[in-house]
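Same order as they appear, the protein sequences are chains Z and U.
Just so we're aligned, residue 46 is where the first sequence starts under our numbering, counting upward by one.
Just so we're aligned, residue 0 is where the second sequence starts under our numbering, counting upward by one.
By construction, these hints were calculated from the structure, which means they are not laboratory data.
Please note: incorrect hints may appear among the correct ones.
[Unchecked claim] Cβ-to-Cβ under 7 Å is the rule here; a few derived chain Z residues that face chain U:
{"id": "1", "residue": "Arg136"}
{"id": "2", "residue": "Ala235"}
{"id": "3", "residue": "Ser238"}
{"id": "4", "residue": "Met277"}
{"id": "5", "residue": "Ala281"}
[To be verified] Cross-link-like lysine-lysine pairs, in silico, DSS-like; alpha carbons within 25 Å at most:
{"id": "6", "chain 1": "Z", "residue 1": "Lys85", "chain 2": "U", "residue 2": "Lys134"}
{"id": "7", "chain 1": "Z", "residue 1": "Lys123", "chain 2": "U", "residue 2": "Lys128"}
{"id": "8", "chain 1": "Z", "residue 1": "Lys278", "chain 2": "U", "residue 2": "Lys8"}
{"id": "9", "chain 1": "U", "residue 1": "Lys39", "chain 2": "U", "residue 2": "Lys24"}
{"id": "10", "chain 1": "Z", "residue 1": "Lys85", "chain 2": "U", "residue 2": "Lys128"}
{"id": "11", "chain 1": "U", "residue 1": "Lys134", "chain 2": "Z", "residue 2": "Lys161"}
{"id": "12", "chain 1": "U", "residue 1": "Lys134", "chain 2": "Z", "residue 2": "Lys123"}
For each residue, glycine too, the CB sits at the ideal point set by N, CA and C.
So you can see what is in the structure, the chains are spelled out below.
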Amino acid sequence: MSRLDQEPSVIALAAELGLRGDPVEAVIGFCHAKIDRWVKGRGGVASVADLESLVTEQLQLTFEELFTDEDLERMIAKYVAQREPVFASLRHGLDSSTFGTTIRRRSSRGASPKDKYVAVIDCRGEKGARRFFTRWHEIAHLLVLERELDAPVRRSTDDPLEQVMDSIAGRIGFYEPIFAPILARRHGGALLSFATIDAVRKDYCDHASFQATLFACQRRLSTPLVYVEAEMKYKAEEERRLRSSQKRLFEDDPPVAKLRVPLVVPNEAATDQNFRVMPNMRVPETSVIHQLHEDASREEASGEENLRSWEFSDGKTLPDCRVWIEAKRAGNRVFAIIQPLN
Amino acid sequence: MPTVGERIKERREDLGWTQDELARKASISKSFLSDLENGKRNVGADKLLDIARALSLSLDFIMTGTNAETGARESTKAEVQIPKALAQFAQNQSLTFRETLALLEMQNQIIAHRSSVKKGDLEQVDWQKFYEAVKEFL
Chain Z
46 MSRLDQEPSV IALAAELGLR GDPVEAVIGF CHAKIDRWVK GRGGVASVAD
96 LESLVTEQLQ LTFEELFTDE DLERMIAKYV AQREPVFASL RHGLDSSTFG
146 TTIRRRSSRG ASPKDKYVAV IDCRGEKGAR RFFTRWHEIA HLLVLERELD
196 APVRRSTDDP LEQVMDSIAG RIGFYEPIFA PILARRHGGA LLSFATIDAV
246 RKDYCDHASF QATLFACQRR LSTPLVYVEA EMKYKAEEER RLRSSQKRLF
296 EDDPPVAKLR VPLVVPNEAA TDQNFRVMPN MRVPETSVIH QLHEDASREE
346 ASGEENLRSW EFSDGKTLPD CRVWIEAKRA GNRVFAIIQP LN
Chain U
0 MPTVGERIKE RREDLGWTQD ELARKASISK SFLSDLENGK RNVGADKLLD
50 IARALSLSLD FIMTGTNAET GARESTKAEV QIPKALAQFA QNQSLTFRET
100 LALLEMQNQI IAHRSSVKKG DLEQVDWQKF YEAVKEFL
C-alpha cells in the first residue's frame with residue numbers, strides 16, 4: 046500500500062464511491078470501468094480524440110482552451126453574456142500556477158446538456174506543454190463526482206487528491222486499448238529511448254507532452270527503468286538546518302548545493318528487481334546527467350556508465366551495474382531515464 | 000428512466016465486478032442476478048437490501064435512482080453555511096446578504112483546479128479579488 050493510499054482524503058474518496066481494496070487503485074479502476082463501459086456502448090474508439098469526445102459527451106463537459114489573453118477575454122465575454130459571471134473571476138483565478146479549472150454552470154440558466162461543465166485549460170506560455178494532461182486531469186475530477194451531480198459539489202484541492210487525479214489522468218489519458226498497440230509497434234523490446242517515446246507520442250497524440258508520454262511508456266515496460274530528475278540541491282539534513290534556527294551554525298562553513306536527484310520514479314520491474322537509485326543522491330561528475338547539466342550548449346545527452354560510481358555521503362556506492370542513461374534538459378533541471386544493460 | 004436492474008448493473012460495472020462477484024457478496028445466485036439485471040424477474044425487499052449493501056448504495060437509490068439521504072443533506076444545506084472569511088469580508092464591504100450568497104454560489108461553481116501550488120478551501124479564498132472580478136454582475 047502506497048503513502049497516497051493512507052491519506053485520509055483518498056480513503057474518504059474511495060469510501061464515498063463505495064470502493065474496497067487499495068484506495069488509489071480502486072478509484073482508478075472505478076474510472077477505467079466507467080470509460081470501458083462507455084467505449085463498449087459506442088462499439089469502440091479508434092483514437093484518443095474519439096475517446097475524449099465520447100468521455101466529454103458522457104460527462105456533459107466542454108473544453109475552453111486559452112492560448113492568449115485575448116482568448117481569455119473572449120471566453121469571459123461569451124459566458125458572462127450567458128449569465129455566468131463566475132467566469133469573470135478567471136482573470137485572476139488563472140494565475141501563473143494554475144493550469145486549468147472546471148466550472149459547473151448554473152443548471153437553471155440555460156446550459157445545454159453538452160456543457161453542464163466547462164473546463165478551462167490555460168495553454169498560455171509554458172503551460173501549453175501541459176495541455177493534454179490538464180484536460181485529462183479535469184476529466185478525472187468529473188469521473189469521481191458521485192451520481193448526485195445536481196447537488197453543490199466542491200472538492201478540496203488538497204495535494205493527495207490532486208495526485209490521485211493525476212494518476213487517473215495518466216492511466217485513462219493514455220488509454221490502454223489505444224496506447225498499448227502503439228507502444229508495442231514502436232518499442233521493439235530493447236532499451237526504451239527518447240526517440241521511441243517521441244515516436245509513440247506523435248502516433249498517439251501529438252499534443253501530449255513528452256514527459257507524460259514517457260511516464261505512460263515507463264509504466265507499461267516489462268524491463269526495469271528508473272526515471273530521475275536532477276537539480277542543484279542540498280542534502281536533506283543541510284536543507285533542514287538551513288530552514289531551522291540552527292542556520293547560524295553554517296555561517297562559517299555554509300553548505301554547498303550539489304547536483305542531486307530529488308525525484309526518483311522506478312517502474313514496477315525496477316522495484317521488483319531492486320534496481321534503484323536513492324532519492325536525493327548526489328549525481329557523480331562523471332555521469333552523463335552531470336555533464337549535460339554543466340554544458341548549457343546541449344539539450345540532450347546519453348551514454349553508458351556504471352552505477353558503482355554513484356556514491357553515498359558515507360562512501361558506500363550503488364551496486365555494480367552497467368546502465369544506459371538518456372538525459373534531457375528542462376530549464377534548470379535535467380531529467381533522465383536509467384536502464385540496466387545485460 | 001433506468002430500471003432497478005439497470006441501476007444495479009451500472010453500479011456493478013462501475014465497481015468493475017462480475018456478476019459472480021456481486022452474487023457472492025450479496026449471497027444470491029448468479030442466475031437470479033442476471034435475470035434481475037435484465038428485467039426478467041422481480042425482487043423482494045430483503046434481497047434488494049442485500050444487493051444494496053454489497054454495492055454500498057442506499058435502498059432509495061436502487062429503487063428510485065434518487066437518494067433520500069442526500070436529499071435530506073441538501074435540504075440541511077439550504078440553511079447555507081457562510082465561510083467565516085466570506086462573512087468577515089462581507090461585513091467589511093457592507094455587502095447585502097443577497098450579494099454575499101451570490102458570491103458564495105459563484106465560488107461553489109468552481110469545482111476543480113489543476114495547480115502547482117496548494118489551493119485552500121472556502122476559508123482561504125481571496126474573497127477581495129473574487130469580489131473585484133465579479134462585483135459588476137452582483
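Hints that the structure is at odds with (numbers, increasing): Result: hints 2, 3, 4, 5, 6, 8, 10 break, sorted rising.
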